[in-house]
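J.: Please put together the full structure from these sequences, using the hints given.
As given, the protein sequences belong to chains Y and L, one line each in that order. So that you can map any letter, position 484 of the first sequence is 484 in my numbering, and since no number is skipped, the others follow by simple counting. So that you can map any letter, position 186 of the second sequence is 186 in my numbering, and since no number is skipped, the others follow by simple counting.
Just so you know, these hints were derived from the structure itself, not from any lab. Hints may be right or wrong, so weigh each one.
To be verified - List of simulated lysine-lysine pairs, DSS-like, C-alpha gap at most 27 Å: (1) K666/Y <-> K149/L; (2) K101/Y <-> K149/L; (3) K369/L <-> K156/Y; (4) K151/Y <-> K534/Y.
Claimed, not checked - Selected chain L positions facing chain Y (Cβ under 8 Å, derived; list incomplete): (5) F27; (6) L107; (7) V204; (8) M224; (9) F373; (10) P389; (11) W395; (12) P471; (13) L472; (14) S474.
Even for Gly, the Cβ is constructed at its ideal location relative to N, Cα and C.
For reference, the chains in residue letters:
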Amino acid sequence: MGLVVAIAAVFLAVPLALLLPARRWRGLLLAAVPAGVFAYFVSLLDRAAEGRPLAWSAEWFPSLGVELAFRADGLALLFGLLIAGIGAFILVYAEAYMAGKPGAGRLEATLLAFMGAMLGVVLADDVITLFVAWELTSVTSFLLISFEQEKLKARKAAVQALLVTGAGGLALLAGLVVLGQAAGTYRVSAMSAEAVAGSSLATGALVLVLLGAFTKSAQVPFHFWLPGAMAAPTPVSAYLHSATMVKAGVYLLARLHPVLGDLEGWRPAVVSAGAATLAVGAFVAVHERDLKRILAFTTVGALGFLTMLLGLGTELAIKAAMVFVAGHALYKGALFMAAGAIDHGTGTRMVDELGGLRRAMPWTFAAVAAGSIGLAGFGPVLAFIGKEAALEAGLEDGGAAGGWALAAIVFSGALFTAAAVVLLRPFFGAERAPGHPHEGSAGLLAGPLALGALSFGLALAPGVIEGRLIAPAAAAVAGEPVKVSLKLWHGFNTALGLSALSVGGGVLLGFAVPRATALTGRLMGARWFPSGPKVYDWLYYGMQRLARFHTVWMQRGYLRGYIAVVLLTFVGLAWAALVRWGGSIERDWLTPAFYEAAVAATIVAGATTAIVHMSRLAAVTALGAVGFGVAIVYALFGAPDLALTQIVMETLTVMLFVLVFYRLPKLVDRGPMRRRLRDGAIALAVGVTMTVLVLASLGHQQGQPISSYFGETAYLEAFGKNVVNVILVDFRSLDTLGEIVVLGTAAFGVFALLRVRRWSR
Amino acid sequence: MNGIDVLGPQISVLVAAGVVLVVDALFPGQRRLLPFLALAGLLTAALWTTSWVGRGDYQTVFDGTIVLDRYAVFFQYVFAGVTATVILASIDWVNREGRRQSEYYALVLTVCAGLMLLAGARDLITIFIALELSSIPQYILAGWGKDAKSSEAGLKYLLLGAVASSLLLYGMALLYGVTGTTILPDIAAAIEANGESYRALLIVAMTLLIAGFGFKMAVVPFQMWVPDVYQGAPTPVAAFLSVGSKAAAFAVAIRVFFEALGADFLSSDWSMIFAVIAAVSMTLGNLMAIVQSDIKRMLGYSSIAQAGNFLVGLAAISVAGEEFTLGASGILLFVAAYAFTNLGAFVAVIAISQRINSDRIADYAGMWKTSPFLALGLAFCLVSLTGIPPTVGFWAKLYIFNAAVRADLVWLVIVGVLNSVVSAYYYLGVVRVMFLGEPGTEQRFRASPSIAVALTATAAGVLVFGIVPAPLMSAARDAVEIFAR
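T.: This is how it looks when you write it as structure tokens:
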């Protein structure tokens with residue numbers, strides 16, 4: 001129950017944020033909510049470490065076995081602590097960042113809603129519960145990215161992010177449903193890897209789930225939305241795009257690793273996606289000049305790093321991933337918030353326009369320095385421990401996957417370091433800035449400094465988290481107990497050597513960045529280069545073009561075309577059925593008598609005349625002849641009453657036609673020959689089909705004709721001598737009543753039309 | 001008397017139609033009363049239906065042509081609710097039009113009587129008559145507006161409807177010809193006896209029925225009338241068409257295909273046809289919806305895509321036994337969800353277009369500032385149409401896709417999911433325009449009380465069943481139990 005209360009408390013703070021006045025203490029007050037949740041999660045750590053995590057569930061959609069279920073195991077708590085802890089800092093930061101601007105309350109409210117949704121994602125134990133929260137994060141993040149709605153860029157980025165993550169989310173939904181089907185339950189903690197592996201649906205579930213996770217966590221080739229999302233205000237970028245939302249995909253991979261990790265496709269797919277993302281993210285990062293975009297691409301790289309480790313799936317790799325999740329959230333959160341402070345203090349985020357800020361903005365400098373050491377991954381920071389463990393995991397693996405992972409880590413390690421150097425450059429050299437640089441307020445600095453300090457502190461005293469937090473989290477991912485002992489210093493070993501090598505190279509590269517990246521930058525800017533945003537645009541506008549073309553082609557507005565499509569569909573389906581299943585046509589037809597032949601000839605002649613004659617009146621008269629011919633057929637084959645009805649109807653119709661046609665202009669043109677031939681062919685096809693069907697159905701007369709029953713019982717039961725009358729008013733009186741109502745209604749229509757005529761005069 | 005009792009709801013609706021006409025003729029000054037008389041008739045029908053829930057046993061009347069079961073009860077509620085919402089949403093529009101008020105309400109009620117009759121019809125002739133009873137007033141209503149576009153809509157709808165009706169009639173005649181009966185269970189028995197010997201004819205009859213019902217469902221390739229008619233017809237009428245007549249087509253299709261044509265060798269064929277139609281409808285409907293700039297046309301195309309979603313339920317039946325009706329119950333859930341959601345969207349569109357005199361999506365810019373209530377209600381319904389939680393639309397989609405996965409139709413689920421993405425683009429595009437765009441005028445406006453009631457009721461349904469979906473679901477499951485085997 002406590003878990004539900006924790007999530008509900010965050011959501012309940014949403015209206016509070018909207019109602020409170022815009023004062024400095026509002027951020028602090030609101031931050032108290034996630035801080036409280038943080039403290040509550042800390043109190044749950046021991047239970048999780050002992051292997052009896054707090055759980056709660058209630059029936060939600062019983063017929064599908066969907067439950068509202070939450071469970072706070074180590075993995076959930078690791079992410080929950082990051083979300084609540086960093087969230088508290090972000091709220092304080094947001095208040096200072098907006099500095100009384102209108103909409104600050106709205107921003108904080110949306111951040112809180114997002115936070116609640118995110119807690120729902122990581123605490124959910126039922127995959128459908130997880131999905132519901134997952135979609136909520138997509139929607140709230142859409143609102144957050146488009147917060148500065150007057151900017152076209154922000155709107156476009158928001159739509160892009162929503163489409164990519166929303167599309168991924170729906171793939172995820174399908175994947176989770178398939179997974180639930182394969183596992184026989186939607187409860188994550190009750191899913192067994194054997195059951196899933198044994199199901200024929202396993203591969204489908206894996207592919208769809210991975211699509212969902214990859215889009216959310218910005219893996220190549222879906223990575224482009226994340227840098228675009230930097231159009232959001234900095235508090236949003238710092239929160240969503242470093243610490244939380246983008247990690248949801250990684251979280252999902254970790255969460256489902258015990259269930260899906262042993263499937264054949266997992267390792268190659270996840271490792272290659274992760275390694276490619278790591279390399280691409282790091283590579284593009286050094287080409288960027290905007291602080292936030294540099295951070296965005298390094299985040300893409302870091303997400304690839306985590307994904308890759310989860311793909312490897314060894315015990316060491318999992319441990320490394322868990323440590324790095326925490327380490328990355330701390331240093332990247334600090335960097336983003338500091339970037340916002342620089343923007344605030346100088347009026348720009350472009351590194352080339354800045355210099356010598358360390359005197360004017362010493363505290364910001366401290367935060368950026370702490371973060372940069374994390375980014376470079378070399379020094380007494382938590383991220384370093386994670387990276388060393390990852391290198392060891394790659395070395396230990398020995399296989400091709402491990403080799404690729406190793407190469408990717410070393411390559412990107414250098415580029416990350418170069419990016420860190422680029423980030424630090426605005427603080428050195430001659431003082432340079434568009435505006436007068438000044439230090440940020442306490443609210444702006446508290447967050448980055450605290451996170452930066454934690455990044456160091458936890459690395460120096462890893463014992464605080466290794467047993468209580470990292471071990472249970474790693475155990476939840478591995479699906480079995482894991483022993484964790486974190487050490488900052490492992491002695492001189494291969495991993496350290498590789499690390500030092502890549503960092504050293506990175507520092508050199510960092511000083512040469514503008515020159516070193518000139519050529520590759522030009523290459524990436526080339527028109528033909530299939531960069532993510534371009535591919536997205538191609539798809540996006542391509543779909544619109546296709547849709548437009550299709551609509552014009554399909555919905556021309558001509559009734560003739562519509563009817564032709566309906567009829568041709570019918571003809572096609574009917575012939576498909578006849579060819580596939582075969583129908584037989586009775587061969588022993590009677591030879592028609594001469595008068596029967598004459599009637600048939602009349603009908604054919606009438607129909608032909610109706611088509612070819614240019615005078616409307618003549619055509620209608622010819623159509624009348626067809627009707628009378630049909631009436632004679634009725635009469636000849638023993639249905640005189642029907643024949644009489646037909647004659648009356650036919651007369652009336654012809655008269656009505658004549659009355660109406662009399663008022664219409666003369667028919668001069670029937671349209672081009674080609675169209676007439678086409679229409680004729682369609683009509684012929686329908687006619688032939690119907691004829692064949694009638695003939696084919698003749699052989700399947702079943703049972704007694706119903707007429708004998710009516711004939712026998714009409715007088716005995718209903719005391720009527722006219723069988724037809726009895727049928728109408730007695731046996732099927734209800735249908736007759738219906739018909740009367742229909743006719744009455746039709747009369748309304750006629751009446752209404754006549755009145756329209758009168759009004760229009 | 002039993003038969004009259006069973007037809008009580010339909011009769012009370014028809015009586016209400018008569019009362020509306022008579023009151024208008026006798027007391028022309030009391031026109032404001034008319035919609036409430038109509039609502040009273042619908043309420044009577046709903047209460048009458050409720051009285052069965054207690055007695056609720058399966059029974060047939062009129063020689064088996066009409067049946068009373070939970071399935072019929074479910075749909076009678078749906079139709080009463082839909083009609084009531086449409087009437088509430090029409091009040092402003094009708095008052096503004098000024099004339100022919102009683103005729104309008106009477107026709108709407110007649111449609112409702114026809115739809116309700118369809119819910120319990122179990123005989124081909126009765127089905128056809130009920131279908132015509134509901135269709136002819138709709139043709140008239142589509143042409144009810146004063147402009148040429150409305151007349152065009154009415155005429156197109158009538159002519160295409162006549163073609164569809166004739167195809168349906170051919171199909172029914174063929175079915176009667178080969179089985180010798182028009183009562184659905186008797187048809188099933190006849191097919192059971194020796195149906196395989198005339199399989200081809202049964203399939204042809206089936207395709208004719210699909211064409212006829214498909215027209216009313218508005219699925220590809222029988223959908224062409226939809227955008228023209230939705231755009232041309234008065235908006236309340238378009239709302240009625242998009243929900244009422246579509247739901248009725250599915251109600252009767254489920255009954256016919258499950259009760260009469262449920263034999264294995266047939267269901268494997270029709271489920272495949274439905275699967276293909278579903279995929280094509282979703283894809284084409286969505287594709288065409290994304291380029292629309294008129295919200296009514298957009299909703300028209302999207303309703304084609306939604307019908308494709310419904311059809312997934314008719315396709316997902318290949319698992320025999322207990323699961324046979326899983327897809328059908330999914331359709332019922334979807335129908336209920338869609339009724340709430342689409343009506344809600346239309347109600348908001350009616351209110352907005354009356355105020356801004358435009359149906360262009362671009363003119364919805366900044367609606368959040370000028371009319372937060374309408375913007376929020378519309379946005380919520382559009383989110384539900386996309387299938388995003390926490391709305392009832394999400395559960396409907398989840399349920400029906402789940403049924404498809406169980407029926408080994410993973411490909412169809414993937415098509416459906418891709419289409420949900422496409423639909424998100426245009427549904428949420430409207431939301432974006434409303435919330436992020438700049439309004440042309442700062443002048444705020446309020447919805448009229450009747451619109452407010454209608455929108456609140458539908459949006460509340462979307463939300464409440466989005467959070468607590470279980471009751472709606474169990475109602476849908478109980479309703480289709482009679483088709484289980």
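J.: Would you pick out the hints that fail for this structure and give their numbers low to high?
T.: 2, 5, 9, 12, 13
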